[in-house]
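Enquirer: Chains A and B supply the protein sequences, listed in that same order.
Start counting the first sequence at 621; every next residue gets the next number (this note's numbering).
Start counting the second sequence at -7; every next residue gets the next number (this note's numbering).
Hint data in this document are derived by calculation from the structure and do not stem from the laboratory.
Take these hints with a grain of salt, some might be off.
[Stated by the list, open to error] Just some of the chain B residues that point at chain A, by a computed CB distance under 10 angstroms: (1) D112; (2) T114; (3) L147; (4) M165; (5) V187; (6) G194; (7) F381.
[What the hints assert, rightly or not] To give an idea of the interface, some chain B residues facing chain A are shown, with a C-beta separation under 7 angstroms as derived from the structure: (8) F150; (9) M151; (10) S157; (11) T158; (12) T160; (13) I161; (14) V164; (15) W168; (16) A183.
[What the hints assert, rightly or not] A short list of chain B residues far from chain A (calculated; beta carbon distances all over 10 angstroms): (17) T139; (18) G215; (19) G274; (20) S309.
All residues carry an ideal CB built from backbone N, CA and C; glycine is no exception.
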Amino acid sequence: MDQKALQRAFYGALAVLTLFAFGAGLVKAGGEGAAFALFAVMTLGGGLVCVWERSIVRSAFALMSTFSGVAGVFVLLESDFLAMAQILIYVGGILALILFAVMLTPPDMEERRLPRVLAALVAVGAGVSWIGWQVAQTAEWLVTSRPLDGTAAEVAGTFGANADRIGVAFLAPDQYVVAFELAAVLLTVALVAAVYIARRKRTDIEPQTGEGVS
Amino acid sequence: MLTFDPAIGFSSAVLAVQSAESGLKDGFGTNAIQDFLVGVKPEYVPAWAVPLTAIGIAIGIVLAIVSVLAMFSTWLERKVSGHIQCRFGPMRVGWHGWLQPLADGVKLLLKEDMIPLGADRTLYVIAPALVLASLLGAMAAFPLTETFYFANFGLGIFMILALTSTTTIGVVMAGWSSNSKWSLYGAMREAAQVVAYEIPLGISLLVPIMVAGSFNLIEVSQGQGGGYGILNWNIWPWVNPFMLPAFVLFFVAILAETKRAPFDLPEAESELVAGFMTEYSGIRWSFFFMEEYAAMFLYCVVGSFFFFGGFESPVTSLAESVGGTNSLLHQLGAASTIVLKGFAGVFLMMWLRWTLPRVRIDQVMTMGYKYLTPLALVCVLGAGLWEAFIAPHLWWRS
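Okay, chain B solo, but in the shape it has when bound (with noise of 0.2 angstroms):
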């Protein structure tokens, strides 16, 4: 039967959370929707009531885009995976079954919801939902225009790799309290696993960051703005020489840390049924899949930020000089843009997948602290030292 989960009104409270705390940060004071509201509250509407408002909004749209994100994501990874290996994918519901997902979501609203009868209830039915609520919150980082953002503070990266590692957290909790040995495991290897790369994660981001001379997602895309067009982007050699060898320590440790291939190891199939969500199903079981989908698309608009450019691109060049700074044309360029370099990076993701083969958990470990932490520490040198000494000399980059 279909039943209302209180672990979605629960990831709502948390993210009613996060958001009330990144909102205050910006004191709303540019917000779009904040200004809206401002512009149309009555007279008797007290005045706190419209950022709570704004922030009940800001919710709903993050709700709605993280949904959407993952259903287009599933749809996208079948037809991918269908067509690399020679075949078509689902077909039959809507056009090259475009329609699929929404097929797929309501039997899996009306899937029978099982609770293991050893399993501990209480954290079985909290896990999924802090899953989700600590990648929404993290949502709330990600502006889609220059103008239109849910939470435009200084630390805008700091605030997303500081709210995505909290899913281990609902990852290890859900291994836990299904009370069974696959789980377990999965839960494991994930907390070891994202442990170890959140590290050159976090370096390997270092490089874009003291190129910018900042955390804020939009200052970061502004400062790749200007005469040159696409040759401004941060991923240029003339740029900065170990901006490409950081990108690709970063696409490593993001392919990690949100459990893809190779490194899929917290949910292997082959090994471990379905790692730390074996004993789930129904509408819970989608909470992970749509925090994976959400995962992968917001840590490959990061990366397109930080390494390709953000919202600059020919299209939204073309779109300011159309309709002018900030008009709606030149919004709509910006958010497309910003929508389909994320897709090129989740495709890329999926295309990885049905290429290369697991590795073990203990090429894992030693990949991580071995390699890539040790790599990323020697690109931040060399870049900080081009930064102070050679930068400053280039008539390009002044």
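One chain only, chain A, in its complex shape (with noise of 0.2 angstroms):
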């Protein structure tokens, strides 16, 4: 089949689907419907692109559209720490870090077809797709509503406190210390193990080179 009509049938069906999230949104909720929507289809379009595309490198830079739109969708939660934090840690810190392995691989992968086990890929999303809807219909959300008209005055004194919060979440004895200090922990022994097996390939590729590797 020809794969380049192939990827312009894919972005265009994208293209229109965004667009049609978008309007659905627009008139289900207002402003902030269209602001979901738009989130909605940075995730889940960023992941559809960094599956289908044939060049890794942009399958990686697919991933920052993912990565904002979870971060739009925390703010769109009020969790505004949480969304900074995502930012700052998966674009500016783990995309450039798959970026640099991406392009330590050879350029042109041409052959990169969607793997032998696409039938069970479509079974797992299905399934997943099924049970989150099945969630979605029974579960009991508790809906704050936050107007947008210019009259949130009253709420706003309530954003903005989430880092304290969380802060004493993770501190206090009788909340998440526990999680908390394990996780640094684990943490830890990741970063010591990864300069202990980086420091030994290295010694054993050149042994005689001393100072001059570092």
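Work from the hints to combine the two standalone chains into their complex.
Expert: Listed below in structure tokens is the structure:
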């Protein structure tokens, strides 16, 4: 099949879907709905492009859209600290490292087919979607309303206190301090292990270089 | 020919999303633009149109601020470099060449817009817009006075750090999509350097954040006001002795983050032609420079908010006592104070650029990971102990 035409059809369908979602969100829930539609399309569309795109570097760049979309959903859920942490860590840190690694691979990977387990993947995706749909139907959502009409000053006092609350929750002895410290220890162990593996490999390959490499 | 660049539209769209995110947080409750629009709104205009219009106006103002900043900074850079090298710099266009940036802008707009044949066209076009858009989003958190700002929510500095860190992705995109080895080398250096120096940058900022007890730029500035005037600024050792080393670490880190000499390895002219922007020309090329100069200014403003008193200065105090709190005179004093402090930092960065030689990439990495990061951690530990055990007993800190 003609790969170029397939690609063009894919991007066209994505654009149409974006417009449709945007309109539907605007009609259903006003500005907030439109914002949610935008972030949802960014998240899912980025993921689709990441899987679909033939160039592996483009796939990595598509992840930026996914991460930013998730951050936007966090903002809509009034969790601004998580949103900014998502951007700082995922877009600014992890994505940069992914790109760094990807650029060390061969430039043109022409043969980048969807894996042979396509059917299994589709089945898993359908299953997850079905469970999500069931949860969305049956769960009792806690709904808070935030007016977008400029009279929101009375609720503005509660925003931005997220960082304080998260900080207290992490370090208060009766809340999440054990989990927080365990995560810290885990990350330190991972860091030390990574350094150990990297150092050992280098001495295996180049035993005599000494000071020059560091 | 003069063509409309899709990049401009794209960057303003991204900025719209980012300002909308931050604006929604604030509820626009106290924003000056919003209040003004609510006052003049006719009956038939629906209520939800007000925040959208306010976002549009805010985007326009931020774009204007960034463009004027970049124009003035390019002129300043050429004059500073000229005088440091015993020459005049631009002298022909206007008085002492002050119209030179305008002439340059017209030239760049009229220049042929080239896209290399082997380039990845989509990414090549998106990259400069992405770089500029990240910075415009971060500029939304920069308050011009205590009552005139675009997004005043609890996470001011955190938002600036998060959004400016995403410019890396744009630079890497530009370097890769150009399909040139100079560009790719520059992009790889940028990715390595920025990831390395983000850590000491964030950690050294923790020291003034601990002293102020807030991420919010306006609150940090207010915390440095008070009866002792200039002696209340965070930088003094009697406020916290670990503040000065933290500032030195911060300044080195922002030099590396903004790709300024001696850390300008991503665009090192003498070895990599122009680094990640070798293939760019015309208005897209100028986007990278607008980003660089605006980022310099933004980081210097952040430094003056957290270490050098923010809005507080003798000028602001005088304006406040003459005109009254939050009067127009007071706001003018505060705005000019913060802009002057920002440009003092920018001048220092330019001075350093023409004084220090470029360091090697392995020296950059060694410095970032082996020296700056541990030193920043020591600063945070010491400052925390000081704040916990000594600061409560100091009469000038209460």
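Enquirer: Against this structure, judge whether each hint is valid.
Expert: Outcome of the hint check:
Taking 10 angstroms as the C-beta cut-off, the interface hint given for D112/B holds, the closest approach to chain A being about 7 angstroms. Nearest Cβ of chain A to the Cβ of T114/B: about 8 angstroms, under the 10 angstroms cut. The hint holds. Interface hint at L147/B: satisfied, since its Cβ lies 6 angstroms from the closest Cβ of chain A, which is below the 10 angstroms cut-off. The interface hint given for M165/B holds, since its Cβ lies 6 angstroms from the closest Cβ of chain A, which is under the 10 angstroms cut-off.
With a cut of 10 angstroms, the hint placing V187/B at the interface with chain A holds, because the nearest CB-to-CB distance is about 5 angstroms. Using the Cβ-Cβ criterion of 10 angstroms, the hint placing G194/B at the interface with chain A is satisfied: the shortest such distance is roughly 8 angstroms. The interface hint given for F381/B is broken, as the beta carbon of that residue sits about 18 angstroms from the closest beta carbon of chain A, more than 10 angstroms. Annotation: interface hint on F150/B holds; nearest CB of chain A at approximately 5 angstroms, less than 7 angstroms.
At about 5 angstroms, the closest approach between the beta carbon of M151/B and any beta carbon in chain A falls short of 7 angstroms, and the interface hint on this residue holds. Below 7 angstroms, beta-carbon pairs count as interface contacts, and S157/B has one with chain A at about 3 angstroms; its hint therefore holds. Taking 7 angstroms as the C-beta cut-off, the interface hint given for T158/B holds, the closest approach to chain A being about 5 angstroms. Checking T160/B against chain A by beta carbon gives a least distance of about 5 angstroms; that is within 7 angstroms, so the hint holds.
With 7 angstroms as the threshold, the beta carbon of I161/B comes within range of chain A, its nearest partner Cβ sitting at about 6 angstroms, so the hint holds. Because the smallest distance between the Cβ of V164/B and any Cβ of chain A comes to about 5 angstroms, under 7 angstroms, the interface hint for this residue holds. With its C-beta approaching chain A no nearer than about 6 angstroms, W168/B sits inside the 7 angstroms limit, and its interface hint holds. At about 5 angstroms, the closest approach between the beta carbon of A183/B and any beta carbon in chain A falls short of 7 angstroms, and the interface hint on this residue holds.
Listed as a non-interface residue, T139/B keeps its Cβ farther than 10 angstroms from every Cβ of chain A; the least gap is roughly 14 angstroms. Every Cβ of chain A is farther than 10 angstroms from the Cβ of G215/B; the closest lies at roughly 16 angstroms, confirming the non-interface assignment. Listed as outside the interface, G274/B is consistent with that label: its C-beta sits roughly 23 angstroms from the nearest C-beta of chain A, beyond the 10 angstroms cut-off. No Cβ of chain A comes within 10 angstroms of the Cβ of S309/B; the nearest lies about 28 angstroms off, and the non-interface call holds.
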